[in-house]
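Trainee: Please take these sequences and the hints and turn them into a complete structure.
In order, the protein sequences belong to chains A and B.
Counting along the first sequence from 1, when you hit position 29 you're at 28 in numbering that gives the first Met the number 0, and nothing is skipped either side.
Counting along the second sequence from 1, when you hit position 125 you're at 124 in numbering that gives the first Met the number 0, and nothing is skipped either side.
One thing to keep in mind: the hints can contain errors.
Stated by the list, open to error - Now the stretches of chain A that chain B is said to cover, found in silico as 3 or more residues with beta-carbon under 8 Å:
1) 29-35
2) 60-66
3) 85-92
None of these hints come from the bench; they were simulated from the model.
Values in this document were obtained by computation on a predicted structure and should not be read as measured data.
The C-beta atom is built at its ideal place from N, Cα and C for all residues, glycine as well.
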Amino acid sequence: MFDGLGFQAKSGDFVSLTGKNGSGKSTFLRVLAGFIPASEGAMGFSVDGESATGVARDSFLMVGHMNGLKPAFSLRQNLQLFSRLMTGRHIDDDSLLEAACTFGLAALLDESVQYFSSGQRHRSALTRFCLVPRQIWLMDEPTVGLDAENRQALAGLIQRHIACGGIVIAATHDPMGVSGQTLNMDVFRPTGNPSVDEDWL
Amino acid sequence: MSSMQTVSHGSVFFSLVNRDIKLAWSQGGGSLLAIGFFFIAVSLFPFGIGPEPQVLARIAPGVIWVVALLSSVVSLDRLYQADYEDGSLDDLALSPLGMLGVATAKVLAHWFSTTLPLALAAPALGILLNLPDNAYGPLVASLLIGTPALSLIGSVGAALTVAVRRGGVLMFLLILPLYVPTLIFGVGAVDAAVTMTDPLPHLALLGATTLIAFVVGLFASVAALNLAME
Chain A
0 MFDGLGFQAK SGDFVSLTGK NGSGKSTFLR VLAGFIPASE GAMGFSVDGE SATGVARDSF
60 LMVGHMNGLK PAFSLRQNLQ LFSRLMTGRH IDDDSLLEAA CTFGLAALLD ESVQYFSSGQ
120 RHRSALTRFC LVPRQIWLMD EPTVGLDAEN RQALAGLIQR HIACGGIVIA ATHDPMGVSG
180 QTLNMDVFRP TGNPSVDEDW L
Chain B
0 MSSMQTVSHG SVFFSLVNRD IKLAWSQGGG SLLAIGFFFI AVSLFPFGIG PEPQVLARIA
60 PGVIWVVALL SSVVSLDRLY QADYEDGSLD DLALSPLGML GVATAKVLAH WFSTTLPLAL
120 AAPALGILLN LPDNAYGPLV ASLLIGTPAL SLIGSVGAAL TVAVRRGGVL MFLLILPLYV
180 PTLIFGVGAV DAAVTMTDPL PHLALLGATT LIAFVVGLFA SVAALNLAME
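Mentor: Now the structure itself:
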């Protein structure tokens with residue numbers, strides 16, 4: 000799928016993946032999250048200059064095309080459940096309200112998710128980044144369906160996260176309003192001799 | 000911002016079990032459908048075969064067990080597919096439990112919400128089919144021992160067909176042959192009680208099938224799920 004792809008992301012980095020439809024942005028995010036095993040190449044982590052193993056899955060948080068919400072539950076129940084499943088702890092109402100305010104969903108907390116519009120569902124899915132503290136955020140098309148105000152909220156959220164030492168990797172067609180490195184996936188199309196090199200600190 | 004926090008796996012595990020039980024009993028969940036199917040399909044037999052008490056008593060153990068197998072498969076096609084379709088399976092894969100823990104929690108929830116109620120509802124259907132008095136104990140005991148195997152084996156089929164649209168019929172074909180040992184020993188235990196012999200050897204063998212399903216089923220489900228998520 001990819002040839003000669005290699006990059007490093009350090010704590011506090013924002014990486015945006017660009018490229019045509021079908022260039023493999025989403026696939027690459029799923030490789031990073033460990034859903035798809037890389038056929039060749041390596042991915043490594045290091046903490047304070049020493050290579051670390053076993054941090055992989057517990058450091059990632061991903062929001063993809065599907066939003067992972069249960070229509071039978073209210074937004075509050077969905078968010079509480081997500082927090083419980085990811086951290087094992089119950090989230091108190093104040094933090095929940097604060098998280099919901101990020102994307103202007105406070106008024107919808109007790110509404111059933113089945114009545115949400117697709118934009119509201121997407122914002123609800125993004126709200127999970129405010130709930131669970133994990134270092135590496137993987138975002139697949141996070142700006143789709145967001146209005147200008149919420150795009151700004153998203154940019155602010157990402158900026159706060161990388162300021163705290165997080166890493167954000169986002170596949171996107173739109174400018175995100177956050178400065179960082181850009182990987183154009185079109186460049187890494189295989190050209191005969193396949194060799195994948197994901198060198199990631 | 001630390002990713003290495005201590006996480007209570009037990010709490011995560013039981014909130015997942017709790018979530019799945021709630022979803023199974025909520026609108027669109029499969030438990031009520033499976034139990035309704037169980038009642039209706041069994042009560043069709045007296046209409047089809049005729050009301051002779053001896054004939055019904057003779058076929059009662061087999062009918063109840065066979066329909067219990069079918070009802071469990073009816074509910075299984077949403078076991079992983081609902082989570083796969085709305086993206087929450089991706090979330091669960093990144094949860095601290097890992098896929099094995101996720102599959103274990105989901106199978107436990109399915110057993111508790113769907114196949115266990117089948118075992119508890121079986122005596123009512125026994126009355127309908129004129130089951131002999133001394134067979135009720137072995138019927139419930141055999142279903143209690145055998146139903147975990149239904150959920151465990153079914154989980155493999157559900158995981159294999161998770162990415163298949165309308166995979167329900169395919170799942171019937173995959174799973175039902177694997178249910179045969181459970182069916183044989185389960186019905187054997189009830190028949191032994193009806194014919195006044197000892198049902199214990201049958202129950203022991205039924206327990207053995209459940210234990211094998213426990214060992215094989217969870218790992219096979221995880222392998223199938225990992226494959227589906229690529």
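Trainee: With reference to the structure, classify each hint as holding or not holding.
Mentor: Hints, one by one, checked against the model:
{"no.": "1", "hint": "29-35", "in the structure": "holds (count 5)"}
{"no.": "2", "hint": "60-66", "in the structure": "holds (count 6)"}
{"no.": "3", "hint": "85-92", "in the structure": "holds (count 4)"}
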